[in-house]
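If you read the sequences in order, they're chains A and B.
When we follow the numbering used here, the leftmost residue of the first sequence carries the number 1, and every step to the right adds one.
When we follow the numbering used here, the leftmost residue of the second sequence carries the number 1, and every step to the right adds one.
Be a bit skeptical, because a hint or two may be false.
Given that identical chains are not distinguished, each listed pair holds provided it fits within a single copy or across any two copies.
List of simulated lysine-lysine pairs, DSS-like, C-alpha gap at most 25 Å [claimed, not checked]:
1. 246 x 273
2. 356 x 330
3. 342 x 123
4. 163 x 407
5. 282 x 123
6. 356 x 282
7. 407 x 43
8. 123 x 180
9. 356 x 246
10. 356 x 180
11. 356 x 163
12. 273 x 43
13. 246 x 58
14. 330 x 273
15. 273 x 407
16. 330 x 407
17. 330 x 43
18. 407 x 123
Read the hints as simulated data drawn from the structure, not as lab findings.
Number of protein chains: 2
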Amino acid sequence: MVKHIMERFDSFLSYIEAISIFDAVHWNLPGCEIVEVEHASGKISASRILSPVNIPDKNKAAMDGYAVNHQDTVNASDHNAARLRLDGVNIAGGNAGLPLRSGQCREIYTGSIMPEGADAVIKVENCEQSDDYVYVYSPVLPGENIASTGEDITIGSPLLWEKAIVRPQNISAMNAAGIKSIMVYRNITIGIVNTGRELVTGQINNSTGALLRSFYQNSFINIIDGGIVDDSTDSIRNKILNLGSKCNIIIVTGGSSLGRKDLTTDAISEIGKMLFSGVAIKPGRTIALFDMDSTPVLSVSGLPVAALLSSLIFVNRYIYNAFGIELTEKAPAILDERIHNKTGFTTFQVMDTFEKGGELHARPLETTASGRISSLLQGNSFTSIDENLEGIEEGSRIMINVIGDIKWE
Amino acid sequence: MVKHIMERFDSFLSYIEAISIFDAVHWNLPGCEIVEVEHASGKISASRILSPVNIPDKNKAAMDGYAVNHQDTVNASDHNAARLRLDGVNIAGGNAGLPLRSGQCREIYTGSIMPEGADAVIKVENCEQSDDYVYVYSPVLPGENIASTGEDITIGSPLLWEKAIVRPQNISAMNAAGIKSIMVYRNITIGIVNTGRELVTGQINNSTGALLRSFYQNSFINIIDGGIVDDSTDSIRNKILNLGSKCNIIIVTGGSSLGRKDLTTDAISEIGKMLFSGVAIKPGRTIALFDMDSTPVLSVSGLPVAALLSSLIFVNRYIYNAFGIELTEKAPAILDERIHNKTGFTTFQVMDTFEKGGELHARPLETTASGRISSLLQGNSFTSIDENLEGIEEGSRIMINVIGDIKWE
């Protein structure tokens with residue numbers, strides 16, 4: 001008979017304590033790199049970018065119509081049209097042309113440079129052209145229908161903020177300002193190692209690995225799949241050691257249950273320092289954290305939902321501490337059914353969130369089983385319940401984290 | 001002097017009419033392809049997938065502890081421990097082993113197959129082991145701490161729905177069920193052509209193209225950059241014709257202003273049928289729609305915000321009609337400041353959305369200038385105002401579309 005010794009988790013750290021231990025370490029961060037602006041979408045910016053130019057760079061027409069000097073239209077009315085001689089056209093992409101003389105107007109198109117001497121554009125709808133003359137029936141104001149120099153963006157105003165996700169609008173603004181490349185953080189690299197003989201033998205498929213890999217992969221996170229490792233201290237240690245230099249965060253699944261804790265703990269303890277083991281969270285209370293040369297190594301459950309929700313706490317924290325960015329999308333919702341909680345545990349409850357009467361409502365899923373992937377198929381979100389609470393009352397406003405399709409009316 | 005004829009937009013279609021004209025066409029849709037499950041993340045599924053197996057496939061331990069028959073623990077108490085002989089261990093990844101006999105128990109680990117004759121797992125915390133005996137101090141219920149066959153997912157239950165975005169939890173569940181590949185829709189391909197001499201000459205940068213390309217590119221949309229085309233009927237027609245066979249949707253920017261409408265209209269009319277030109281929306285009222293062999297060709301403003309918000313109406317509609325999927329993320333919010341509207345126009349208003357007291361609040365940005373990319377830098381969302389409304393009152397509940405970072409408390 002094989003002799004295993006089952007160690008108990010004698011006590012669990014509170015969620016708050018675990019977070020504060022995590023926060024106290026100066027974890028390694030990804031370095032920076034220069035990328036072309038158009039390849040920066042979804043990356044985390046590493047510096048604030050201020051506009052080197054005014055946009056527009058010159059006064060331009062904001063409408064199709066006729067460039068005029070407003071003084072020539074002061075007395076215009078339905079019965080007393082101002083008659084202006086058409087002196088030509090400023091096409092888009094062309095130059096300002098000759099200065100406009102008094103009593104004249106010039107055909108002009110949205111985006112065209114205004115001629116000197118003109119201070120307004122009269123919309124084509126508000127006048128009539130007959131041969132070389134344009135008849136204007138109402139006065140225009142100075143600056144009317146003009147996009148004046150710097151009106152959109154003035155020199156020195158921010159086009160991108162530091163430690164922000166680069167959005168299409170930032171890319172567009174930087175493009176407009178002629179900025180070709182910027183500094184961004186390299187993608188955060190998360191290594192994922194799945195341990196367990198049942199995976200090696202193929203008795204079960206590696207659905208936990210599949211969940212973590214596709215959940216964490218995004219525009220600013222790369223995944224390195226460390227594959228499946230047998231229940232052996234040497235294999236686990238070597239795999240993690242090998243991933244260490246390439247990863248900012250390592251997640252090891254399946255090594256946190258009582259029966260395997262020693263194995264994984266021994267393996268990682270040889271190459272890193274255990275900071276805690278066992279946190280009062282549900283699901284995933286068996287989570288352990290190691291510091292391997294300033295790389296956080298998280299040893300989590302082999303069950304998919306527990307592995308995801310417990311690792312997410314610390315992956316979120318890593319990203320938030322470093323960049324102030326939230327990994328999962330949040331939304332406020334009204335709780336439609338009381339959630340129970342076991343005091344002393346911070347619980348992550350899978351929820352079904354839907355729109356009702358213009359507001360989001362959320363209902364807890366019945367199952368709290370941490371191994372049930374079906375709860376994530378039926379739900380689309382989760383919320384957290386503080387360890388001091390026995391539950392959250394129906395009708396309370398809660399914050400949900402969105403992980404699926406919210407049902408809209 | 002070059003002679004241009006400016007045509008007026010004599011009337012604008014209402015938003016509703018434009019939508020119903022768009023909806024009446026059977027637009028081409030992307031075909032389907034088979035992909036490996038793990039490469040399907042973020043794609044649109046083309047069929048419902050039902051589980052071919054039960055998960056778990058056998059009764060398994062849901063806790064680390066000892067497999068027992070509950071009848072052996074019926075009278076157990078603090079003062080009268082049930083004494084069970086330890087007959088071995090079922091490791092994870094191993095088989096069920098010999099059937100468990102009465103009066104015996106077996107060490108077992110989360111995920112291990114239960115031995116025949118055992119119907120519960122007693123947690124390691126709730127008993128004591130001494131040599132070859134385990135002392136149990138309280139009765140267990142039949143089924144306690146067991147994940148029974150099909151408890152998570154039963155044969156025939158859905159792992160993925162048709163026409164849904166494939167999420168990490170779908171991938172995990174399909175992986176668990178041994179499904180290797182699935183049918184998804186090929187990515188929707190959007191071709192983007194930017195016209196205008198001011199782009200060709202480099203007088204201004206193509207910030208509108210940059211905005212559209214990075215906004216629309218996502219896990220289920222590919223972009224083909226048609227580049228910059230001069231203001232020439234031939235060039236525009238040939239470029240669109242060339243893109244036609246590769247694209248599901250084509251967006252042509254810069255050809256919808258009055259001064260260029262004829263040019264673009266002539267170009268596209270040679271290869272497609274105009275369905276409308278001019279819609280009562282702000283910004284982007286100059287938008288025109290063509291049907292080119294069942295491919296929608298949208299001719300939109302050259303100004304970035306107008307080009308984005310007006311094309312988005314119809315790109316959204318295409319995707320929603322075909323798949324029931326929303327392209328932009330939505331959220332309900334409380335309006336913190338009245339929005340004005342010009343009756344007769346459906347207005348898309350850029351908003352700044354933030355959390356206050358556990359709810360989302362939104363404030364309109366001052367500028368409504370359709371050319372101002374700065375509004376998108378300052379805002380993070382937009383809302384729409386119905387053409388029949390003169391505005392939306394402060395305190396109303398509105399729905400916002402999220403396009404940036406919401407400010408959380």
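Evaluated hints:
1. Proximity of residue 246 to residue 273 under the C-alpha cut-off of 25 Å is restricted to the intra-copy arrangement: shortest distance 19 Å within a copy versus 55 Å between copies.
2. For the homomeric pair residue 356 and residue 330, the shortest alpha-carbon distances inside one copy (18 Å) and between copies (14 Å) are both at most 25 Å.
3. Within a single copy, residue 342 and residue 123 get their C-alpha atoms only as close as 68 Å, which misses the 25 Å cut-off; across copies the closest is 18 Å, which meets it.
4. For the homomeric pair residue 163 and residue 407, the shortest alpha-carbon distance between copies (14 Å) is at most 25 Å, but the shortest distance inside one copy (32 Å) is not.
5. In this assembly of identical chains, residue 282 and residue 123 lie within 25 Å of each other by CA distance solely across copies; the values are 17 Å between and 65 Å within a copy.
6. In this homomeric assembly, residue 356 and residue 282 never come within 25 Å of each other (Cα to Cα): the closest approach is 29 Å inside a single copy and 29 Å across copies.
7. In this assembly of identical chains, the alpha carbons of residue 407 and residue 43 lie at most 25 Å apart only when taken from different copies (19 Å versus 29 Å within one copy).
8. In the homo-oligomer, the alpha carbons of residue 123 and residue 180 never lie at most 25 Å apart, since the shortest distance is 36 Å inside one protomer and 61 Å across protomers.
9. In this homomeric assembly, residue 356 and residue 246 never come within 25 Å of each other (Cα to Cα): the closest approach is 46 Å inside a single copy and 40 Å across copies.
10. Proximity of residue 356 to residue 180 under the C-alpha cut-off of 25 Å is found in neither arrangement, the shortest distances being 46 Å within a copy and 37 Å between copies.
11. In this homomeric assembly, residue 356 and residue 163 come within 25 Å of each other (Cα to Cα) only across copies, at 23 Å, whereas the closest approach inside a single copy is 36 Å.
12. When the C-alpha separation of residue 273 and residue 43 is checked against a cutoff of 25 Å, the pair qualifies neither within a copy, at 31 Å, nor between copies, at 40 Å.
13. For the identical chains of this complex, residue 246 and residue 58 are neighbours neither inside a copy (49 Å) nor across copies (38 Å), given an alpha-carbon limit of 25 Å.
14. For the identical chains of this complex, residue 330 and residue 273 are neighbours neither inside a copy (33 Å) nor across copies (44 Å), given an alpha-carbon limit of 25 Å.
15. In this homomeric assembly, residue 273 and residue 407 never come within 25 Å of each other (Cα to Cα): the closest approach is 45 Å inside a single copy and 37 Å across copies.
16. For the homomeric pair residue 330 and residue 407, the shortest alpha-carbon distances inside one copy (15 Å) and between copies (11 Å) are both at most 25 Å.
17. For a Cα distance limit of 25 Å, the shortest separation of residue 330 from residue 43 qualifies both inside one copy, at 20 Å, and across copies, at 22 Å.
18. Proximity of residue 407 to residue 123 under the C-alpha cut-off of 25 Å is found in neither arrangement, the shortest distances being 45 Å within a copy and 39 Å between copies.
Against the hints set out earlier in the document, violations occur for numbers 6, 8, 9, 10, 12, 13, 14, 15 and 18.
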